[in-house]
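Just need the whole structure built from these sequences, with the hints factored in.
In the numbering used here, the protein residues as written are 654 to 955.
Derived from the structure by calculation, the hints contain no laboratory data.
Remember, it's a predicted structure, so these values are computed and weren't measured experimentally.
Mixed in with the good hints, there may be bad ones.
Dumping the calculated DSS-like pairs for lysine-lysine here, alpha-carbon to alpha-carbon at most 25 Å [unchecked claim]:
hint: 1; residue 1: Lys-939; residue 2: Lys-869
hint: 2; residue 1: Lys-869; residue 2: Lys-895
hint: 3; residue 1: Lys-808; residue 2: Lys-820
hint: 4; residue 1: Lys-897; residue 2: Lys-939
hint: 5; residue 1: Lys-686; residue 2: Lys-825
hint: 6; residue 1: Lys-781; residue 2: Lys-804
hint: 7; residue 1: Lys-936; residue 2: Lys-825
hint: 8; residue 1: Lys-820; residue 2: Lys-781
hint: 9; residue 1: Lys-825; residue 2: Lys-800
hint: 10; residue 1: Lys-808; residue 2: Lys-717
hint: 11; residue 1: Lys-686; residue 2: Lys-895
hint: 12; residue 1: Lys-917; residue 2: Lys-939
hint: 13; residue 1: Lys-685; residue 2: Lys-895
hint: 14; residue 1: Lys-917; residue 2: Lys-686
hint: 15; residue 1: Lys-686; residue 2: Lys-717
hint: 16; residue 1: Lys-781; residue 2: Lys-808
hint: 17; residue 1: Lys-685; residue 2: Lys-897
hint: 18; residue 1: Lys-825; residue 2: Lys-808
hint: 19; residue 1: Lys-686; residue 2: Lys-820
hint: 20; residue 1: Lys-939; residue 2: Lys-685
hint: 21; residue 1: Lys-685; residue 2: Lys-746
hint: 22; residue 1: Lys-781; residue 2: Lys-825
hint: 23; residue 1: Lys-936; residue 2: Lys-686
hint: 24; residue 1: Lys-869; residue 2: Lys-686
hint: 25; residue 1: Lys-746; residue 2: Lys-781
hint: 26; residue 1: Lys-917; residue 2: Lys-936
hint: 27; residue 1: Lys-717; residue 2: Lys-781
hint: 28; residue 1: Lys-800; residue 2: Lys-717
hint: 29; residue 1: Lys-936; residue 2: Lys-685
hint: 30; residue 1: Lys-897; residue 2: Lys-825
hint: 31; residue 1: Lys-897; residue 2: Lys-936
hint: 32; residue 1: Lys-686; residue 2: Lys-753
hint: 33; residue 1: Lys-804; residue 2: Lys-685
hint: 34; residue 1: Lys-936; residue 2: Lys-869
Distance windows between CB atoms, simulated [as the list claims (entries may be wrong)]:
hint: 35; residue 1: Phe-952; residue 2: Asn-845; range: 43 to 49 Å
hint: 36; residue 1: Ile-884; residue 2: Cys-921; range: 27 to 33 Å
hint: 37; residue 1: Ser-693; residue 2: Asn-845; range: 28 to 34 Å
hint: 38; residue 1: Glu-799; residue 2: Thr-765; range: 17 to 23 Å
Idealized CB from N, CA, C, for every residue including glycine.
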Amino acid sequence: MHIMSTPNLSDVKLLRQIPYDLLEEWLFDMAKKNQERIYSAISLEFEWCSDVAEFVFNTCDYFKLENSIKYNALEIYERFIAYHVLELRRSVKDRQETDKPLSWEVIEGRITEQTILRVLTSIELASKLNSHYEHLLPSQVVEFLEKSGGKMYSKSGIANSEVRVMKTLGFKLNVTTPALYVEMLLCVLYTNDPSTDDFLHPSALHVLDLMYFHRKVIYDRLYENVTGAPIDEKSENEAFLKIKADYMLLATAIITAAAYIIMKDNWCIVLEQLHLVTRILRKDIKSFTLVIANILTDFLDD
654 MHIMSTPNLS
664 DVKLLRQIPY
674 DLLEEWLFDM
684 AKKNQERIYS
694 AISLEFEWCS
704 DVAEFVFNTC
714 DYFKLENSIK
724 YNALEIYERF
734 IAYHVLELRR
744 SVKDRQETDK
754 PLSWEVIEGR
764 ITEQTILRVL
774 TSIELASKLN
784 SHYEHLLPSQ
794 VVEFLEKSGG
804 KMYSKSGIAN
814 SEVRVMKTLG
824 FKLNVTTPAL
834 YVEMLLCVLY
844 TNDPSTDDFL
854 HPSALHVLDL
864 MYFHRKVIYD
874 RLYENVTGAP
884 IDEKSENEAF
894 LKIKADYMLL
904 ATAIITAAAY
914 IIMKDNWCIV
924 LEQLHLVTRI
934 LRKDIKSFTL
944 VIANILTDFL
954 DD
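Encoded structure:
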């Protein structure tokens, strides 16, 4: 299990120092990007695997990378694998009527075999987005693969994987993550109400990390609450796909769930403030919040 590092409370001081006009512009920009994300969502982007999330987080800890890199890396990998699978499915379909058809079972085997390489490539690319000078190097990736006992790749093989990931994503690597929405909304809370508890920030990030390991369970439960339908019917529900793509809603629920866990008597104040900022319905925030809080509380109690 991934051991979460405690975020430095000095980060909260930085969150409190962002000028209001800049914060307002940031909020508007993020809201716009969230709507674009919801509009363009495809179902394969949400075939989550908690093992991959845990591997990404542990690997970033191993290399002592900044906290934001693990979220960016996971976003890059999950988007890549979604579009990569779509490309490969099209290739298999296009070759069905030729004299050299492709076997989807063979393709699946290759995807599985390359999983660690693609994850490490995503981490490497995320670290480059974070810093041009201090980032993960191909030599470090090769050394990590040697130590892990997995399939070996040369530096050129690592470089080719980078190109493949970037091309598949249309070179659009620098996208928003749930973590960025959490940070932004915390900035708004600390600016609007200076009395907001400093510990809400590290608590929200802990909830965010745990959410990544329990996403499927959380969204399955939320689906049942929202639709009242059995889980096996959710693939037909386009409206719920948009809920899964809504990072503003997710960040709002994560912060409110953190407030619910650490300050139960006052969590509704945080809910109300976030409702006023995001215009998300109170009942939607509350429903998602309680799903997250209840599932994580059950997990932590085990």
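Against the structure, the hints come out as follows:
Of the pairs offered as hints, the one joining Lys-939 and Lys-869 holds, with about 19 Å between alpha carbons and a cut-off of 25 Å not exceeded. Only pairs whose Cα atoms come within 25 Å are accepted, and Lys-869 paired with Lys-895 is accepted, the gap being roughly 15 Å. For a cut-off of 25 Å, the pair hint linking Lys-808 to Lys-820 stands: about 18 Å separates their Cα positions. Distance check on the hinted pair: Lys-897 and Lys-939 sit about 16 Å apart at the alpha-carbon level, within 25 Å; holds.
At roughly 13 Å between alpha-carbon atoms, Lys-686 and Lys-825 fall within 25 Å of each other, so this suggested pair holds. Only pairs whose Cα atoms come within 25 Å are accepted, and Lys-781 paired with Lys-804 is accepted, the gap being roughly 24 Å. At roughly 35 Å between alpha-carbon atoms, Lys-936 and Lys-825 are farther apart than 25 Å, so this suggested pair is violated. A distance of roughly 16 Å separates the Cα atoms of Lys-820 and Lys-781; the hinted pair therefore holds under the 25 Å criterion.
Under the criterion of a C-alpha separation no larger than 25 Å, the hint pairing Lys-825 with Lys-800 is inconsistent with the structure, at around 31 Å. A distance of roughly 21 Å separates the Cα atoms of Lys-808 and Lys-717; the hinted pair therefore holds under the 25 Å criterion. The suggested pairing of Lys-686 with Lys-895 holds, with an alpha-carbon distance near 14 Å, which does not exceed 25 Å. Restraint check: the Cα-Cα separation between Lys-917 and Lys-939 comes to about 13 Å, which is no more than 25 Å; the hinted pair holds.
The suggested pairing of Lys-685 with Lys-895 holds, with an alpha-carbon distance near 15 Å, which does not exceed 25 Å. The straight-line distance between the Cα atoms of Lys-917 and Lys-686 is roughly 32 Å, outside the 25 Å bound, and the hint therefore fails. Our distance criterion of 25 Å between C-alpha atoms is broken by Lys-686 and Lys-717, whose separation comes to about 30 Å. Under the criterion of a C-alpha separation no larger than 25 Å, the hint pairing Lys-781 with Lys-808 is consistent with the structure, at around 16 Å.
Taking the CA atoms of Lys-685 and Lys-897, the gap is near 17 Å; set against the 25 Å cutoff, the hint holds. A threshold of 25 Å between alpha carbons decides the hint, and for Lys-825 with Lys-808 the separation of about 23 Å falls inside it, so the pair holds. Pair hint Lys-686 plus Lys-820 holds up; C-alpha atoms about 22 Å apart against a cutoff of 25 Å. Only pairs whose Cα atoms come within 25 Å are accepted, and Lys-939 paired with Lys-685 is accepted, the gap being roughly 23 Å.
Simply put, Lys-685 and Lys-746 have alpha-carbon atoms about 36 Å apart, too far for the 25 Å limit, and the pair is violated. Restraint check: the Cα-Cα separation between Lys-781 and Lys-825 comes to about 13 Å, which is no more than 25 Å; the hinted pair holds. Our distance criterion of 25 Å between C-alpha atoms is met by Lys-936 and Lys-686, whose separation comes to about 24 Å. Pair hint Lys-869 plus Lys-686 holds up; C-alpha atoms about 24 Å apart against a cutoff of 25 Å.
Restraint check for Lys-746 and Lys-781: the C-alpha separation of about 36 Å exceeds 25 Å, so the hint is violated. Proximity of Lys-917 to Lys-936 is assessed by CA-CA distance (about 17 Å); at most 25 Å being required, the pair is judged to hold. Restraint check: the Cα-Cα separation between Lys-717 and Lys-781 comes to about 14 Å, which is no more than 25 Å; the hinted pair holds. The hinted pair formed by Lys-800 and Lys-717 meets the criterion: a straight-line CA distance of about 17 Å does not exceed 25 Å.
Distance hint between Lys-936 and Lys-685 is fulfilled; the C-alpha atoms sit about 23 Å from each other, no more than 25 Å. Under the criterion of a C-alpha separation no larger than 25 Å, the hint pairing Lys-897 with Lys-825 is consistent with the structure, at around 21 Å. A distance of roughly 17 Å separates the Cα atoms of Lys-897 and Lys-936; the hinted pair therefore holds under the 25 Å criterion. Between Lys-686 and Lys-753, the direct Cα distance comes to roughly 42 Å. Violation of the 25 Å bound is thereby established for this hinted pair.
Distance hint between Lys-804 and Lys-685 is unfulfilled; the C-alpha atoms sit about 42 Å from each other, more than 25 Å. Under the criterion of a C-alpha separation no larger than 25 Å, the hint pairing Lys-936 with Lys-869 is consistent with the structure, at around 21 Å. For the hinted restraint 43 to 49 Å between Phe-952 and Asn-845, the CB-CB distance of approximately 31 Å leaves it violated. Hint check: Ile-884 to Cys-921, Cβ distance near 29 Å, so the stated range 27 to 33 Å holds.
Between Ser-693 and Asn-845, the C-beta spacing of about 31 Å keeps the proposed range 28 to 34 Å intact. The hinted window of 17 to 23 Å between Glu-799 and Thr-765 holds, with their beta carbons roughly 20 Å apart.
Checked against the numbered hints listed earlier, the structure breaks hints 7, 9, 14, 15, 21, 25, 32, 33, 35; every other hint is satisfied.
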